[in-house]
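Chains as they are written, first to last, in the working numbering: chain V, 616 to 842; chain Y, 616 to 842.
It is worth saying that the hints were derived from the structure and are not from the lab. Some clues are possibly wrong.
One copy or any two copies: either way a pair holds, since identical chains are not told apart in the list.
As the list claims (entries may be wrong) - Computed cross-link-like contacts, EDC-like style, restricted to lysine to aspartate or glutamate with a CA-CA straight-line distance of at most 20 angstroms:
(1) Lys-830 / Glu-840
(2) Lys-830 / Glu-704
(3) Lys-830 / Asp-757
(4) Lys-831 / Asp-681
(5) Lys-830 / Glu-797
(6) Lys-831 / Asp-722
(7) Lys-830 / Asp-681
(8) Lys-831 / Glu-733
(9) Lys-831 / Asp-757
(10) Lys-831 / Asp-793
(11) Lys-831 / Glu-719
(12) Lys-830 / Glu-719
(13) Lys-830 / Glu-733
(14) Lys-831 / Glu-732
(15) Lys-831 / Asp-669
(16) Lys-831 / Glu-797
Please read these numbers as outputs of a predicted model, since none were measured by experiment.
2 protein chains.
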Amino acid sequence: MPSRRTFLQHSAVAAGSLALGRLAFADSARPAGATPDFWQVVAGRRSVRRYRPDPVPEADLTRILDAARSAPTSGNQQPWKFLVIRRPETIQQLREACVQRSLEYYDQSTDHATTREEARRAIDERLAGYFSAPVYIVVLTDNQAPYPDYNHWDGPLAAGFLTLAARALGYGTAFITDVIPEAVTRRVLRIPDRYTRVCITPLGVPDAWPAPPPKKPLADFIAYETL
Amino acid sequence: MPSRRTFLQHSAVAAGSLALGRLAFADSARPAGATPDFWQVVAGRRSVRRYRPDPVPEADLTRILDAARSAPTSGNQQPWKFLVIRRPETIQQLREACVQRSLEYYDQSTDHATTREEARRAIDERLAGYFSAPVYIVVLTDNQAPYPDYNHWDGPLAAGFLTLAARALGYGTAFITDVIPEAVTRRVLRIPDRYTRVCITPLGVPDAWPAPPPKKPLADFIAYETL
């Protein structure tokens, strides 16, 4: 069963409720030799759900992964593996497997507001943006690393650094866990049990930079001395 | 029992094996109005294990936490709480509780190479650097957030952003899990069960910026198309 979060996320995407806009930073991020300001990168990072087909040069990809692996890591264990997928046929396989997975939910349900063909089209449309990037990176941690009990911290740390480094070079990412399920990723890409998936992220030039989503007030997050 | 990692970490610290150095960036990070370069921040971040007593201005602290909470978050749930500890008495209590906890290990052991007083002094020395900062931030996630199953990603993501933002302003951090154990943090700071600790980090001006630790070659982390 999809979780409540999955449902809400899919609904939001399906409804096209994401306000899209263009950040001033988007166009100034990539002039040759530019040194992007740290605070602009942090403020400008977004979860991007639709991409342009422009390829990502090898040097950019390498720089992004180099930044990702410089994240803090428990006892310097560096348990990461970054699986880079660029072959269009593989991306297509991943997408089709996600469609099939969603159709399984349809088939299991008895209360159908749409025909199966309509459902398939809706699913396909919902996934189209997520699968429009030229590159996908599966962030993994190695269960055979020196201190695997600490991988659950190290994994997201590197993925977070990756999202920022991508932004610094003008690329969008999305820390995906549900839209492309772990089981699907694992099966299609034949990922050995030895590795745990942290997330999968598209990487590419955004179709547009989304406007910032609404956020809680900063004060809500901070407590001094006691909770 | 301390884990193998805990043991190795403590041994390394006790042996003073951390090469300490000063980065050129360290002195150029904080001139008024400077806009730190993203790549320098990433490359210059270190786990810092000894601090100067210089206070952290409120504006810097706020800016760091503001960056932390701008991390990616599942379904925009923002499940974070940052507990800021600055009262010297509380920091002292936390330290003493860590000493007591380590002494419990000593007391449970039957094979003593040192007297209890010597062990206490060694423990105290080992902890001194970690407890030399003017500020501690406990990064927490709220189990009552909308999608608590996703907190294990969101928590480290925010903590990672925090370490970078601190570096951008010239401060050191350390993503601590073992040296200041969760149980000790929870008891001394009376953290309700509702919150899960991600880590606790000191925040302050480093006594010195450590040299970069040895790292595996970048190529070891990257796989193309298949593992």
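Now the hints, each set against the structure:
{"no.": "1", "hint": "Lys-830 / Glu-840", "result": "neither (24 angstroms within a copy, 37 angstroms between copies)"}
{"no.": "2", "hint": "Lys-830 / Glu-704", "result": "neither (38 angstroms within a copy, 34 angstroms between copies)"}
{"no.": "3", "hint": "Lys-830 / Asp-757", "result": "between (34 angstroms within a copy, 16 angstroms between copies)"}
{"no.": "4", "hint": "Lys-831 / Asp-681", "result": "between (32 angstroms within a copy, 11 angstroms between copies)"}
{"no.": "5", "hint": "Lys-830 / Glu-797", "result": "neither (28 angstroms within a copy, 29 angstroms between copies)"}
{"no.": "6", "hint": "Lys-831 / Asp-722", "result": "neither (38 angstroms within a copy, 47 angstroms between copies)"}
{"no.": "7", "hint": "Lys-830 / Asp-681", "result": "between (30 angstroms within a copy, 11 angstroms between copies)"}
{"no.": "8", "hint": "Lys-831 / Glu-733", "result": "neither (37 angstroms within a copy, 50 angstroms between copies)"}
{"no.": "9", "hint": "Lys-831 / Asp-757", "result": "between (35 angstroms within a copy, 14 angstroms between copies)"}
{"no.": "10", "hint": "Lys-831 / Asp-793", "result": "neither (24 angstroms within a copy, 31 angstroms between copies)"}
{"no.": "11", "hint": "Lys-831 / Glu-719", "result": "neither (36 angstroms within a copy, 42 angstroms between copies)"}
{"no.": "12", "hint": "Lys-830 / Glu-719", "result": "neither (34 angstroms within a copy, 44 angstroms between copies)"}
{"no.": "13", "hint": "Lys-830 / Glu-733", "result": "neither (35 angstroms within a copy, 51 angstroms between copies)"}
{"no.": "14", "hint": "Lys-831 / Glu-732", "result": "neither (40 angstroms within a copy, 50 angstroms between copies)"}
{"no.": "15", "hint": "Lys-831 / Asp-669", "result": "neither (35 angstroms within a copy, 31 angstroms between copies)"}
{"no.": "16", "hint": "Lys-831 / Glu-797", "result": "neither (29 angstroms within a copy, 27 angstroms between copies)"}
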